[in-house]
Amino acid sequence: MASSKAAAMPLIRAALARGVGFLGFWLLLAGPSLGQSTATGVTTDLAAGLAVGLLAAVVATWVSLRLLPPAPGRLRLTALARLARHFLWQSIVAGFDVARRAFDPRLPLKPGDLAFPTRFPPGTGRAAFGAITSLMPGTLPVGTDDHDRLVFHCLDLDQPITAGLARDEALVMGVRRNGSDRDA
Amino acid sequence: MPEFLLGAAAFVLGTVALGLMRLLRGPGHADRMLSAQLLGTGGVGALLLLGVATGVGAIAEVALLLALLAAFASVAFVSGIQRSDGRGPPSATAPAAADSPGEHRRETA
Amino acid sequence: MRLALDILTIVAVSLGAIFFLAGTVGLLRFPDTLTRLHALTKADNLGLGLVVLGLLPQVSGPLSALALLAVWLLALLSGSTVGQLLAGKAAVPDPDRAPTLTPGAGASHD
Chain L
21 MASSKAAAMP LIRAALARGV GFLGFWLLLA GPSLGQSTAT GVTTDLAAGL AVGLLAAVVA
81 TWVSLRLLPP APGRLRLTAL ARLARHFLWQ SIVAGFDVAR RAFDPRLPLK PGDLAFPTRF
141 PPGTGRAAFG AITSLMPGTL PVGTDDHDRL VFHCLDLDQP ITAGLARDEA LVMGVRRNGS
201 DRDA
Chain Z
8 MPEFLLGAAA FVLGTVALGL MRLLRGPGHA DRMLSAQLLG TGGVGALLLL GVATGVGAIA
68 EVALLLALLA AFASVAFVSG IQRSDGRGPP SATAPAAADS PGEHRRETA
Chain Y
26 MRLALDILTI VAVSLGAIFF LAGTVGLLRF PDTLTRLHAL TKADNLGLGL VVLGLLPQVS
86 GPLSALALLA VWLLALLSGS TVGQLLAGKA AVPDPDRAPT LTPGAGASHD
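Protein chains in written order, with the working numbering: chain L, 21 to 204; chain Z, 8 to 116; chain Y, 26 to 135.
None of these hints come from the bench; they were simulated from the model. Take these hints with a grain of salt, some might be off.
Claimed, not checked - Output of the computed footprint for chain L on chain Y, the stretches with three or more beta carbons under 8 Å from beta carbons of chain L:
no. : stretch
1   : 47–60
2   : 66–75
3   : 83–95
4   : 101–110
Stated by the list, open to error - Beyond 12 Å from chain Y on every Cβ pair, some chain L residues (computed):
no. : residue
5   : T63
6   : W82
7   : L100
Since we're looking at a predicted model, the values are computed, not measured. We put the CB at the ideal spot given by N, CA and C, even for glycine.
In isolation and in its complexed conformation, chain L is listed as follows (with noise of 0.2 Å):
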């Protein structure tokens, strides 16, 4: 009993951080039509609308609660930044790579599949490497083999790849410190 409510604490603490972060999207997306209607001084339109927007978030944390319980271990930030750093000139080289393979007559290709030994545990976190790496030069995660590696599908073997997603993973689990280490 004791220890279900000292779980149900970091439940709420969650909750309500990703509640206030709903809210605040939502009101970001809204808020030139909100302001429209502050301006005009129709405030039932302005109640209805923040009503509609409340309940959103509720269910929208609702909704992400039960797809994705929160995690234990600590969001660093810095770690965060870094990557997201990391993330947009990588995005930008495969934008740049890819274009270059389209336009070129010669169509210079060599596709095919690279299997990864991640140190991600099936769940938020290896999805989370999926989706980072399926915008990174050349990489595109397809799917897990028979001895749990990730599959890559690459535009062009000849890269280095397995070095490239060797970074990208560590500069991912350092974003959450113990949270991605757990014991499914």
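Based on the hints, put chains Z and Y in the right spot on chain L.
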């Protein structure tokens, strides 16, 4: 500046229309789905350009809706195929999806 | 200042449009589903990002600019997730695909 943005919107829309040739050619269902995905991103880009060019703010909301619809269309496509196959995907997200109901049950118990 | 911002808009939006074109060209020219998916996700996300970057100086206030960035972030998130899902789907053989129409289907597993 509005003229330039309108021209850019028309150009992006043109590339989307060209990409829809993949919808006609296929050959697989997944290939055709790629066209829908292109319509999602390209359409969002064209609509955002159009919205700023004309100064009609509501167009940005249409863009948002289009982005959501494109994502839902692809998810529906993928999950629909899985169900008719009767076997799980090799996707990395599958274990996460399989885990969460179990976690949920543990919390409610 | 105004001129510099307008130049930024023209350069970024033009570059973005070129990446949209690259995505379409890749979608039409690349030999199989998975390589086409590469072209689509990577080129189009960069194209949309550049278009959004170019539009930022043209909107009225910081709130509208944030909303633009939010749309781009959502598109990025859904694009990468959906790309991964479609890739998982495309990697298993498609039972609905007519075998006579797939000369390049085996190329991805060489």
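We went through each hint and held it up to the structure:
no.	hint	verdict
1	47–60	holds (count 10)
2	66–75	holds (count 7)
3	83–95	holds (count 5)
4	101–110	holds (count 7)
5	T63	holds, 20 Å
6	W82	holds, 19 Å
7	L100	holds, 14 Å
In the structure shown, no violation is registered for any of the earlier numbered hints.
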